[in-house]
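S.K.: With the hints as constraints, model all of the structure from the sequences given.
Protein chains in written order, with the numbering used here: chain U, 4 to 433; chain B, 4 to 433.
Any given hint could turn out to be false.
For identical chains, the list gives no copy identity; a pair is met inside one copy or between any two copies.
[Stated by the list, open to error] Derived BS3-like pairs (lysine-lysine); straight-line CA-CA distance at most 30 angstroms:
hint, residue 1, residue 2
1, Lys330, Lys269
2, Lys150, Lys29
3, Lys150, Lys220
4, Lys29, Lys241
It is worth saying that the hints were derived from the structure and are not from the lab.
So the chains spell out like this:
2 protein chains.
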Amino acid sequence: MNRDDAARTRAVVVGAGFAGIEAVKKLARAGLDVTLVDRTNHHLFKPMLYQCATAALSPGEIAWPGRFLFRGRENVRVVMAEATGIDREARRLLTDAGDFPYDHLVIAAGTRYAYFGNEDWGAHAPGLDTLADAVEIRRRILTAFEKAELTDDSDERRRLLTFVVVGGGPTGVEMAGAISEIARLTLRREFRHFDPGSARVVLLEAMNGILGQLPDKLSAYALKALERMKVEVVTGAKVEDIQRDRVTYEGGEIDASVIVWAAGVKASPAAEWLGLEPGPGGRVTVEDDLSVPGFPEIMVIGDTAAVKDEDGDPVPGLAPAAKQMGKHAGRRIAALAKGAEPPGAFRYRHMGDFATIGRNRAIVKMGPVQMTGFIAWVLWSIAHIMFLVTARSRVFVSMTWAWNYVTHRRAARLITGHWTADAGEKTGER
Amino acid sequence: MNRDDAARTRAVVVGAGFAGIEAVKKLARAGLDVTLVDRTNHHLFKPMLYQCATAALSPGEIAWPGRFLFRGRENVRVVMAEATGIDREARRLLTDAGDFPYDHLVIAAGTRYAYFGNEDWGAHAPGLDTLADAVEIRRRILTAFEKAELTDDSDERRRLLTFVVVGGGPTGVEMAGAISEIARLTLRREFRHFDPGSARVVLLEAMNGILGQLPDKLSAYALKALERMKVEVVTGAKVEDIQRDRVTYEGGEIDASVIVWAAGVKASPAAEWLGLEPGPGGRVTVEDDLSVPGFPEIMVIGDTAAVKDEDGDPVPGLAPAAKQMGKHAGRRIAALAKGAEPPGAFRYRHMGDFATIGRNRAIVKMGPVQMTGFIAWVLWSIAHIMFLVTARSRVFVSMTWAWNYVTHRRAARLITGHWTADAGEKTGER
Chain U
4 MNRDDAARTR AVVVGAGFAG IEAVKKLARA GLDVTLVDRT NHHLFKPMLY QCATAALSPG
64 EIAWPGRFLF RGRENVRVVM AEATGIDREA RRLLTDAGDF PYDHLVIAAG TRYAYFGNED
124 WGAHAPGLDT LADAVEIRRR ILTAFEKAEL TDDSDERRRL LTFVVVGGGP TGVEMAGAIS
184 EIARLTLRRE FRHFDPGSAR VVLLEAMNGI LGQLPDKLSA YALKALERMK VEVVTGAKVE
244 DIQRDRVTYE GGEIDASVIV WAAGVKASPA AEWLGLEPGP GGRVTVEDDL SVPGFPEIMV
304 IGDTAAVKDE DGDPVPGLAP AAKQMGKHAG RRIAALAKGA EPPGAFRYRH MGDFATIGRN
364 RAIVKMGPVQ MTGFIAWVLW SIAHIMFLVT ARSRVFVSMT WAWNYVTHRR AARLITGHWT
424 ADAGEKTGER
Chain B
4 MNRDDAARTR AVVVGAGFAG IEAVKKLARA GLDVTLVDRT NHHLFKPMLY QCATAALSPG
64 EIAWPGRFLF RGRENVRVVM AEATGIDREA RRLLTDAGDF PYDHLVIAAG TRYAYFGNED
124 WGAHAPGLDT LADAVEIRRR ILTAFEKAEL TDDSDERRRL LTFVVVGGGP TGVEMAGAIS
184 EIARLTLRRE FRHFDPGSAR VVLLEAMNGI LGQLPDKLSA YALKALERMK VEVVTGAKVE
244 DIQRDRVTYE GGEIDASVIV WAAGVKASPA AEWLGLEPGP GGRVTVEDDL SVPGFPEIMV
304 IGDTAAVKDE DGDPVPGLAP AAKQMGKHAG RRIAALAKGA EPPGAFRYRH MGDFATIGRN
364 RAIVKMGPVQ MTGFIAWVLW SIAHIMFLVT ARSRVFVSMT WAWNYVTHRR AARLITGHWT
424 ADAGEKTGER
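M.R.: Shown next as structure tokens:
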């Protein structure tokens, strides 16, 4: 009987990120009628997206079709559609491809890049959110070197070979380190009119130090590691304006050909869909069981939710946090569908902090254990390989990494353009 | 002394395809001052491009940066620029990134798709020429299945699940077979509202049979193999019109969601750059040593050249033919630069004809030897792996193929959109 109740219970999950996928897994096993809605056709392993943007991995190595992941689950339907709103009274999710009625709704719609009200900066300084973002950033970085080979104007070449990363969190640190490696190692001996190692990589951070969430000792290590890689780290440098080829910050300005934004995100507009006042960072403030106040049949999880840990600190936007919330949501709804007692409050368990800074150097903090250097880098690599979704990816990414590591090469150094009807390949304007 | 003469001789090669790469290799070894100009940053292994378009391989597995291939050759400079003309008097190649003076010029600029004067068909029926084309076709194919899952209108679903390939040459046959495999094998069990195996794949050919260049026995085998894979082959079906969702041909019309063009190419506008009357298919008619009549310092090779074999038949647009011409061009220019006797007429040696029709089935014709079936398919696979440019690609493509073969899966089933400033990922209109 319980089983039948479950099978008649319609759960709709919005978002195929870490949180959404975990929720669907639990709901699928519990036998509910599950629909997973995502605006793309794939689950993306975002912690490695910077490796796509820097040509180390191909998009196909870090993304898998949602429907492929659940192919064996007859009770899971996966649809590619973009959520546009929620009809709370009729209990329907509204999308650009029609409505989806639900008994339980899980919103795990993640975040998007935010430019603190200067959304026009986005064109000049893409963030790293989707595969299209990564391919675009890769195109800009590789194109800058190509153009530097073609110019005879030394000022122009200096500008072309200047790369600015805005934001000194883990993504910014990883991007800056990887761009420096491209210049100093990957492209060595490939240009005739300049030394790619002369490229300038600048990391701008508004606060007084990078990787602010980590203990000072680890931040200091990261700073030193970046400097050894010839990345210029400028702290206390709040960005005031971004134009096509120039970043202006408190205390200076830099002419640059590529500007990458890693300084801030805001939640998807779930609060708006729900008709609620958005919380910090546009997030939805939820009850301690992750349901929406007044709407126990709606849960908001992952980066879209404003959740506190036991110390009252905000739960960070990390993959393990999203997965834990997804599991909690799946368990709660499965219990409710069977008429069982749902689990109580969500409790976040912090697994650790990781950041890598180019080959051989990383930072790991797990509870009281702090590690830096080669051992930390090996740990980072193993942890990330293990987190990959399919066995195939684990094998192929390990091999690609090994090859990249030994040869200093990068497997996916392609400038691909936008498809247009008349020309096939058209590289973008820049 | 010879060596010094060579080092002072400037050779410019346009096009990083099979022909151009071989020419550069020879010229590099001979010590000339070589510049390779291509509008992309990569050499593309086109015989496998259909595998990108059908999600079996990633773009990074079949394309390599030109400058990477020649990184160790100090006398080779690689530039990303698009040729726009030739100043024959001043001996300069004109490009969108400036002029390149030459003592010897090699034009190996390949072909582009041609729609017999109906260039507006291109938007509705992309050809398979660049990586951007392949990613676009992949997007259209995968999106059609996604949309079919979302519609409740059975007529609409039938249209969405209809795929038309125009042109029954090797590329058309390979595409049609691969699309059928996606529907019947790869996507099995992944949709809830329809059976992807019900998809209709139609191959339209204007002539009376497919693979017209092959002996009847082999063509008949290919036809049978396609029909066993539920591909509908319609011969004598000259296409009269292509609209967004419809192909009209002599004797019928088909509503389809994806239309792929594999019916005709024309040469790059090299004849125009040279101020010459274009030959058959827009090609440049060359002397028997592949130089341009009246301009011994300019050679046209590969698919851009109209060349005859010893029997007076046109040399086919195949990779081995392009490579042979590239080698000949390199040898001739190297000899002239050193003041040595250049080789005489170019002689084409036909290596054979290959075509694959899905898993386990292929056609091989090498001289008097004709093979079909599994053995031919294994031969096709080995030959193509061996032709790949780097050892890394050989290892990775072999592994991907093995994995695809055993699991019936495809590694790169990603719908990625065009990057736009405001939204990151935006899937195209269709």
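S.K.: 30 angstroms Cα cut-off: does Lys150 pair with Lys220 within a copy, between copies, both or neither?
M.R.: Neither: 40 angstroms inside a copy, 52 angstroms across copies.
S.K.: Please work out whether the CA atoms of Lys330 and Lys269 approach to 30 angstroms or closer within one copy, between two copies, in both situations, or in neither?
M.R.: within (23 angstroms within a copy, 57 angstroms between copies)
S.K.: Under a CA distance limit of 30 angstroms, which applies to Lys150 and Lys29: within one copy, between copies, both, or neither?
M.R.: Answer is between: at 27 angstroms across copies they meet the 30 angstroms cutoff, but 50 angstroms inside does not.
S.K.: Is it within, between, both or neither when you check Lys29 against Lys241 at 30 angstroms Cα-Cα?
M.R.: Answer is neither; intra-copy 43 angstroms and inter-copy 54 angstroms both fail.
The structure fails hints 3 and 4 (numbered hints given earlier, in ascending order).
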